[in-house]
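Novice: In case you want the letters, here they are:
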Amino acid sequence: MEDSMPKNNDSQTILRMEEIHKSFPGGVLANRGVNLEVSQGEIHCLLGENGAGKTVLMSVLYGLYKPEAGSIYYKNEKFDVHNPKDAIQNRIGMVHQHFMLVETLSVAENIILGQYKPWKVLNNLEPVIKMIRQMSKDYGLNVDPTSLVQDLSVGEQQRVEILKALYHGADLLILDEPTAVLTPQESEHLLDFLRQLADKGLTIVFITHKLEEVMQISDRVTILRDGKTIATVKTKETNPRELAKMMVGREVLMDLNKKEKQPGKMIFSVKNLSVKDERGLPAVRNFSFDVYEREVVGIAGVSGNGQSELALALAGLMDSEFDSIILNDILITKCDLTRLNQLGMAHIPEDRQKMGLILPFSVSENFIAETFNDRPFSKFGFLQFKTIKNYSQSLVKKFSIRVGDVDEEIAHLSGGNQQKVVVARELDRRPKFLLVNQPTRGIDIGATEFVRQQIIAERDGGAAILLISTDLEEIFALSDRILVMFEGQIMGEVSPNPDMIEQVGLLMAGKTIESAL
Amino acid sequence: MDLLPSILFLQSILAATWRMATPILYAAVGEVFSEKAGVINIGLEGVMLIGAFSAYSVAFESGSLWLGLLVGILAGILSGLIFAFFTITIKANQIVVGAAFNMIGLGITGFLYRSMYAVSPVPLGLKTFPSLEFPFLSSIPFFGEVLFKHNIMVYGTLLLVPVATFVLYKTAFGLSIRAVGEHPKAADTVGVNVLRMRYVSVMIGTALAAVGGAFLVLAYADQFVEGIVSGRGFIALAVVVFGRWKPWGAFWSSLLFGIFYALQLRIQTMPDVNIPYQFLQALPYLATLLVLVGFNKRRVQAPKTLGVPYK
Amino acid sequence: MDFVSIKKRLLKFSRSAWTPFAAIPIALGIGAILLLIAGYDPIQAYAAMWQGAFKDRTAITEVLIKATPLIFIGAGLAVAFRCSIWNIGAEGQFYAGAVAATAVGIYLGDLPRFLLVPLVLFAGASSGALWGMLAAFLKNRFGANEVVTTIMLNYIAIFITGWLVTGPMIETEGLFAQTAKISQNAWLWRFLPPTRLHTGFILALVLAIVLYIIIFKTSLGYTIRAVGINPDAARYAGINVKRKVLLAMAISGGAAGLGGAVEVAAISYRLYQLISPGYGFDGIAVSLLVNNNPLGVIFSGILFGALRSGAEVMQMNAKVPSVLVFLIQGLVVLSVVAFGVYSYVSKEKEE
Chain A
22 MEDSMPKNND SQTILRMEEI HKSFPGGVLA NRGVNLEVSQ GEIHCLLGEN
72 GAGKTVLMSV LYGLYKPEAG SIYYKNEKFD VHNPKDAIQN RIGMVHQHFM
122 LVETLSVAEN IILGQYKPWK VLNNLEPVIK MIRQMSKDYG LNVDPTSLVQ
172 DLSVGEQQRV EILKALYHGA DLLILDEPTA VLTPQESEHL LDFLRQLADK
222 GLTIVFITHK LEEVMQISDR VTILRDGKTI ATVKTKETNP RELAKMMVGR
272 EVLMDLNKKE KQPGKMIFSV KNLSVKDERG LPAVRNFSFD VYEREVVGIA
322 GVSGNGQSEL ALALAGLMDS EFDSIILNDI LITKCDLTRL NQLGMAHIPE
372 DRQKMGLILP FSVSENFIAE TFNDRPFSKF GFLQFKTIKN YSQSLVKKFS
422 IRVGDVDEEI AHLSGGNQQK VVVARELDRR PKFLLVNQPT RGIDIGATEF
472 VRQQIIAERD GGAAILLIST DLEEIFALSD RILVMFEGQI MGEVSPNPDM
522 IEQVGLLMAG KTIESAL
Chain B
1025 MDLLPSILFL QSILAATWRM ATPILYAAVG EVFSEKAGVI NIGLEGVMLI
1075 GAFSAYSVAF ESGSLWLGLL VGILAGILSG LIFAFFTITI KANQIVVGAA
1125 FNMIGLGITG FLYRSMYAVS PVPLGLKTFP SLEFPFLSSI PFFGEVLFKH
1175 NIMVYGTLLL VPVATFVLYK TAFGLSIRAV GEHPKAADTV GVNVLRMRYV
1225 SVMIGTALAA VGGAFLVLAY ADQFVEGIVS GRGFIALAVV VFGRWKPWGA
1275 FWSSLLFGIF YALQLRIQTM PDVNIPYQFL QALPYLATLL VLVGFNKRRV
1325 QAPKTLGVPY K
Chain C
10 MDFVSIKKRL LKFSRSAWTP FAAIPIALGI GAILLLIAGY DPIQAYAAMW
60 QGAFKDRTAI TEVLIKATPL IFIGAGLAVA FRCSIWNIGA EGQFYAGAVA
110 ATAVGIYLGD LPRFLLVPLV LFAGASSGAL WGMLAAFLKN RFGANEVVTT
160 IMLNYIAIFI TGWLVTGPMI ETEGLFAQTA KISQNAWLWR FLPPTRLHTG
210 FILALVLAIV LYIIIFKTSL GYTIRAVGIN PDAARYAGIN VKRKVLLAMA
260 ISGGAAGLGG AVEVAAISYR LYQLISPGYG FDGIAVSLLV NNNPLGVIFS
310 GILFGALRSG AEVMQMNAKV PSVLVFLIQG LVVLSVVAFG VYSYVSKEKE
360 E
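Protein chains in written order, with the numbering used here: chain A, 22 to 538; chain B, 1025 to 1335; chain C, 10 to 360.
Under the rule of at most 25 Å between Cα atoms (straight-line distance), these lysine-lysine pairs were calculated in the DSS-like manner: (1) A:Lys297 with C:Lys251; (2) B:Lys1209 with A:Lys141; (3) A:Lys297 with B:Lys1328; (4) A:Lys255 with A:Lys96; (5) A:Lys375 with B:Lys1328; (6) A:Lys266 with A:Lys255; (7) A:Lys355 with C:Lys251; (8) B:Lys1335 with A:Lys375; (9) A:Lys400 with C:Lys226; (10) A:Lys151 with A:Lys141; (11) A:Lys221 with A:Lys257; (12) A:Lys151 with B:Lys1194; (13) A:Lys231 with A:Lys266; (14) A:Lys138 with B:Lys1194; (15) B:Lys1115 with A:Lys375; (16) B:Lys1209 with A:Lys375; (17) C:Lys251 with B:Lys1328; (18) B:Lys1194 with A:Lys106; (19) B:Lys1335 with A:Lys138; (20) A:Lys231 with A:Lys257; (21) A:Lys410 with C:Lys226; (22) A:Lys87 with B:Lys1209; (23) B:Lys1328 with A:Lys106; (24) B:Lys1335 with A:Lys87; (25) A:Lys231 with A:Lys255; (26) A:Lys106 with B:Lys1115; (27) A:Lys138 with B:Lys1209.
Stretch by stretch, here's where chain B covers chain A in the computed footprint (C-beta under 8 Å, at least three residues): (28) 124 to 135; (29) 141 to 153.
No wet-lab data here; the hints were simulated from the structure. Ideal Cβ positions, reconstructed from N, Cα and C, are used throughout, including at glycine.
Please take these sequences and the hints and turn them into a complete structure.
Specialist: Below, the structure is given as structure tokens:
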């Protein structure tokens, strides 16, 4: 299969990675024989689904992971990389998906971090600051080097990350899903900028799972699937359909078989909800919407625009202010978690490891996370282990969760199976109102499909569903109506018609509905 | 009413304040380094004991206070190395290892002290560091007593605090320490060796804690007594929080505790004051508690990964 | 599949069970090196220690008597530690319990035995619980780190005790810094004369078993463990985290306070300044040693009781300072920690 990779040994090749193997504790094989060859000055996309091994491969190149096998050739020499320092010294830069910036330090401090001998006195950062100012001017990346990173927007932080890599003198720049946190318009801007950099001779490896981006920006593209290289092709000689097939491994992308349904009565309604974030700044402002029976309302938006706070507030996990909330015909005066649960709400939280699950607990202990105090799982305060086990086994079967024994620690399960446990637990409560936040983030394609089908089935069964997702494809695939969120406000409502994607993009960037249409 | 006794009273309190604050301050500034890098060491008390005992025994045997201090520091560094091995390399819970260190410090110093000195035929006192006399300055009324008649280790704090501030905020080394406690992975990705930074910070912390312990035998009392540190290591932990994880903050807050110590000792010796001495003894601890409570309301953030091992 | 899971479980059990056994020789070994350096004969010292702990029935019961407060404290701390509350304040909570028990035992001494004994124990437990809850309150309300506050509360409790036994509660003769004896009606039954073994030891065993059941078999224990592992997930599951913190500290402090009351009602019959020779701190190691399992605390409590009891004889017969046990205890904790992590790493490799 690896033969499909074109051998290219001319002097233009800047990087060649051969037969890279990397596995993780728990037996996850992230890379099992990956090959990659990148030419000088090109933009090379690394395309693959979540979990295909793209980030792991680049982390190996950047010295963050040690591969079990395989070799790397960089600038025509064998490249032994032990840590990021080796990578930086060899002029490799990486912009990580989760920014590697220290929030309490200034931009300039972040940029020079690790670049000097320990005893170097940094009494006067003025020259550095000047240099950064000059660089931001040259590249058109507007940032103030003296401000603290924690005061910057996500877009600005990304610029700092790129500046940092350029300051370190990168010849090869790796970007890991850089557009995930940007609006379509911001993304456009970034892609233009990267093209300029490539024209100046910089080599760029661009990790993504978005086909349009690949088509738009890359010279060549390498497709990874299940930790293996599928092919490397010239972008001009391929098309999105072919790429998708190679990426997913089958012809049809995803058929949810979603039928039009007539919404029923109103189940959930909120008027003028406002939430402050941890720092006391407004995160959600005057949010009002309704969700009806047999309906999925999608909340689209770039991450960090108040979605997390919205979900936590609605679930009763964060303080909020509002005029009224009605759930299942009952007027609620205080968002209290227990009360909401009693009234038929279920919540699939955004981060299963931080909130949805208790990792050192067993699978069955996790199944009863919300019902441990109720009969039949608990009688007179004593847990009924046999009942719990039987119940867990039935859920495992029903949701085809891959686990040997329900007494096994849930930490040993794959991300997709962990998420299935959360979904199974929440759906088994037969909720009237289901709050779902990022249901398929970081899980494999099979589990993604399964989870999405379950959500649709729940809708068809009559539930009212609020779906928060930063994945536009997911929003369009599942929603009956789409609300676009920007800086804590609803910018407008659109229908999930594929033609509307541009409008959604503009709304996500904070444009009003009038200017967007 | 005669004003003189109250002025003398104030003078004696203030003169003792700085001296009382000194051992706490050394330990606290050290702990600032450690915590800034993300490692909390509640074993300070044990490390101070180890520093105190090794400084005392070497100074006693060799007759050189400076040699004693040096060996005390080395013992502190060694303790730090072991603490770091368990908390950073093995990634054991920092609180657990700290608690073990307190037991070990108490046990090993008590054991060695009783083995070596409990039945000593010779007097055990050291000739401690003398108070310095500054021409003119020391003879200024009031201020001379309060500020200009201390020993060298007390004045050492005047060097310690600015140097610590400079290192933390004006060197690449300090920048790395601060980054490593806040976001170790970010530091890692730009080539900072996180584990090494944490090792070094922990060892700076224990070295300074040992200096604080050594102060107690070399410049305060003139000999070692079992459990001589008597909670100063724990108070240093509180001082770090109260001082907002900054050397100057630690300086001012340890002076505050110095006042309580001085007050407590002074009042105990006054025949006409009828407060049970135990209440006075409890004063610094009570003050720590109140200060911690009042202070935490303002929500100053500790280093983000404090107590969390890396990778 | 079933066979694999049984094997896994057996492996897991053997690992957690042998860890303390392996830790003790290591700690004793390092202690032996120190003994050699200091010019003692380690074999003679340890032999004296062993003799002191196990030579006859009286010695063994003395070990159990020493173990009693450690089991009370350790079992309580296991609950707090399972909830990730780092209660370093068992010493103070033990004092609080001893003070309240003494007060009841003296001032309500006329009450009949069947009333007074439970009342003394109740006073001790509730007073220890309150002292512990104070730290929990400060954590919940002001975010004050419990490690620091519980340590401060230790000192304060000890100083208050010091004041009481030299001031308001001093014995009528006023010769020593101690209170009068508590009423005979408050004494616990010593059921194996002529030894001092008392019903308090049985009570400690019962408490350890009860706390084990609570932690691992009830929904309350489930919530406490959930809070300890992941407070965010616990909140998501509808658990009131602050209330569990308060409860865990109440159980932990209550157990320590009960230990203090038993010490007064069964052994010392009165209160004095140093009623605890650091039981509260030993209790931390006792709990950690068995991975915060209240049932295991019975074992580790007896082990530490034997160490302490033996150390006193070692000091008398081999002239080795008994403070050595602090060192050995500390080393035991460190080696357990080291083992705990290494077995985890090797587990990862297996799979």
